[in-house]
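Given the coordinates of chain E, assemble chain B onto it according to the supplied hints.
Same order as they appear, the protein sequences are chains E and B.
The opening position of the first sequence corresponds to residue 1 in my numbering, with each subsequent residue numbered one higher.
The opening position of the second sequence corresponds to residue 535 in my numbering, with each subsequent residue numbered one higher.
Hints were generated in silico from the structure; no laboratory data involved.
Source: prediction; values computed, not measured.
One should not assume that every hint holds.
Said to hold, decoys possible - Distance condition first, Cα-Cα at most 30 angstroms in a straight line; then the derived DSS-like pairs of lysine-lysine:
hint : chain 1 : residue 1 : chain 2 : residue 2
1    : E       : 396       : E       : 499
2    : E       : 386       : E       : 237
3    : B       : 577       : E       : 36
4    : E       : 386       : E       : 396
5    : B       : 577       : E       : 252
6    : E       : 499       : E       : 510
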Amino acid sequence: MLKLGLATGGTALVGSPSTDAQLLSPHDRPVDLEVKPSPPTTPFVVPLPIPPVAQPIPVSRLDPPPDPARHQRYDEFPAQKFYEFRQSQFLHSYHPELGPTVSWGYGGITPGPTIHARWGEPLFVRMHNDLPADHVGFAAPSTSTHVHNMHTASESDGFPMNYINPGEYYDHHYAMSPAGGDRREHMHSMWYHDHRMDFTAPNVYAGLSAFFLAFDEEDSGDENSSDPRAWRLPSGKYDVPLMLHDVLFDEKGQAAFDVFNTDGLLGDKFTVNRAIQPYFQVEPRKYRFRIQNGGVSRFYQFFLSTGQPFTVISNDGNMLPRPIISDSIHLSVAQRSDVIIDFSQNQPGDQIYLQNRLEQVFGQGPTGRLLDAGDNVMRFDVVPLKLPDHSRIPEKFRPLPPINLAEVDRERLWVFDYNGGLWTINGGAADMSEPSAVIPQDSTEIWIIRNGGGDWSHPVHIHFEEFQIIEFNGKPISRDEIRYARKDVLTLGPSDEVKLYLKFRDFLGKYVMHCHNVVHEDHAMMVRWDIVPS
Amino acid sequence: MSEHCNSHGRRPFVLKSVAALCSAGAASHIAARPVEIALVPHKEPPGPSAVYFPNMVVGAHTDEEFVLYDDLIRGRIILLSFIEIRSERSRIMTRNLVELKHELSDRIGNDVFMYTLTLDPTHDTPLKLGEFAKEHGVGDNWLFINAGIEGTSLLRERLSAVNGIVRYGNEALGRWGSFVGGTSVASMVERFSWVGFQKRSSG
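The following block holds chain E by itself, in its conformation from the complex:
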């Protein structure tokens, strides 16, 4: 007996050890926002941080230089702008009353620098992993960077197994050519984040997230443009990215994460651009806010405290055919919505809160109930107007690419389910060594996404190609709905069944579909699918 104990490295007990009987609750998990909530913080004392715009570098600074042979179609889309980022660990202040928090990020900050890209200007991004190899904590210093939901070659997509360890780097090439060469497939508000196999949730939570914005002649980023094609949406300092992460902090001000949780995790501190409940000074004019939900498991439904409406202009980063006025916006995990808020009827001194009223009490998904009060996530403080507002909201943007059911090559069924404690897709768990679907290039497919469970929600994310919803629970989508759009995250509520239309164009290789409740993703709710030569 003693021999085995030693062989297993343990010491078999001889006699009874002295013990201390304690009453322990199974419910009292080591990390639990109900039992151990974050320390209190005063809301609206932190100004909203705006991540800086990333600056390109000369290609001569890249050593070794880019290797076109590593990338599909590089010669057709030679990079015109080059970036080099380092993923590192640093101290970050979420709130002055919490003290510094050990964080990870790109370029020494979180959110990382915002990439400004233009369609037609291919990019090259070299990503170095300078994270500490011996890091003690929930996150894993090994990374794979995904631009959600860039239309890019597999080798640049942040496939979960294309990871780099400390001291290594990875090159990404973004052709900045829309799907099928179709301008209607342009995407505008994206984000880049870690996608490491098994560790996406903790690594993004630790700070590895940032914005990636793409412009073109219409969405030109210039509200004063004289180009007749330009939409002249609010631009510059009036075009404001808002990245949401709900975070739970321990008594030392460090981000707390339950490494054994499989349901999903919620934080009790609402952060915007990694600041807890910030305030933002606005002039009485139009603003474009690019709202992105970067959190682990939380869903939101946002309202403005004054009852003012949002003018919704995009869904999942894709322009709607036309703006839609709405008194609220719903965001499941990883979703984005660009909205225009017009403060021109407000007076200097007014304070307007961005409120989340969607009840969610556990990580599996929201209850669906709207609260009367909700949580004030940030505050807009109205200050005097400095310059006239020349921005516009056009009556329409661009039409959706047509859906042609006569082109459909095949139909696939994907069932998101829960089986005896395991999250599954079509009954299986994530296996990145084999594709669950092999799709000939240039195919058109119908994917039926079914929630096999009645108690939980899944924000389903399909990489690479945007989809359109044909039917939601048997009914077509109305043109008046915000989800009448090109999308990359499908909010799959309890027992929902949704029919999607997709094409698979331009590049070959391995891609994934997964639940973007990233705890579910890390616990195997992901499938690999491949595009192969037709």
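Structure of chain B alone, referenced to chain E:
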């Protein structure tokens, strides 16, 4: 499937807030009362994962007893699987893990430690665990653990333990991942580099 509420509904605030969502789970919430656990004082200051592993005495299929955290977990790279031996899923996983053990033969018992915790402590007695281990040819350096009814209740919640999944981790770093028992052996082997990262020679 609707096993969800039975196996996973656990938080008391769920009862307060959305009991209607999970009526099947309500019974398990009520049943999961605080349990009295005899804890052994730590020999040394505990590491980053100690909060998940109460320092309690557990039995093994070898008829030995161990102090869970101090003897088995502290400072180690660990492969911890969960079984109910009456379940076919457990058998599939165990067969897979036996193959993994062969692949990692020079590391098991040295820098990687294999444990299997039963979630059915009443049925899966240490004697039955021993028979199960022998039937599957698990060999040395792999402990099948029975933590008793109350200890299992606690560990099931602390570790979100469900039959057929494997936790792999490095206790000294507080870094833990998870995979399902049916995962390919090659994929399981690769994961061990993920909790003790070494710079690769190329790439």
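Comparing the hints with the structure gives:
Restraint check: the Cα-Cα separation between residue 396(E) and residue 499(E) comes to about 26 angstroms, which is no more than 30 angstroms; the hinted pair holds. Distance hint between residue 386(E) and residue 237(E) is fulfilled; the C-alpha atoms sit about 12 angstroms from each other, no more than 30 angstroms. About 26 angstroms separates the Cα atoms of residue 577(B) and residue 36(E), which keeps this hinted pair within 30 angstroms; it holds. A C-alpha spacing of about 28 angstroms is found between residue 386(E) and residue 396(E), which places the hinted pair at or below 30 angstroms, so the restraint holds.
With a C-alpha separation of about 25 angstroms, the suggested pairing of residue 577(B) with residue 252(E) holds against the 30 angstroms cut-off. For the hint linking residue 499(E) to residue 510(E), the alpha-carbon distance of about 23 angstroms falls within 30 angstroms, and the restraint holds.
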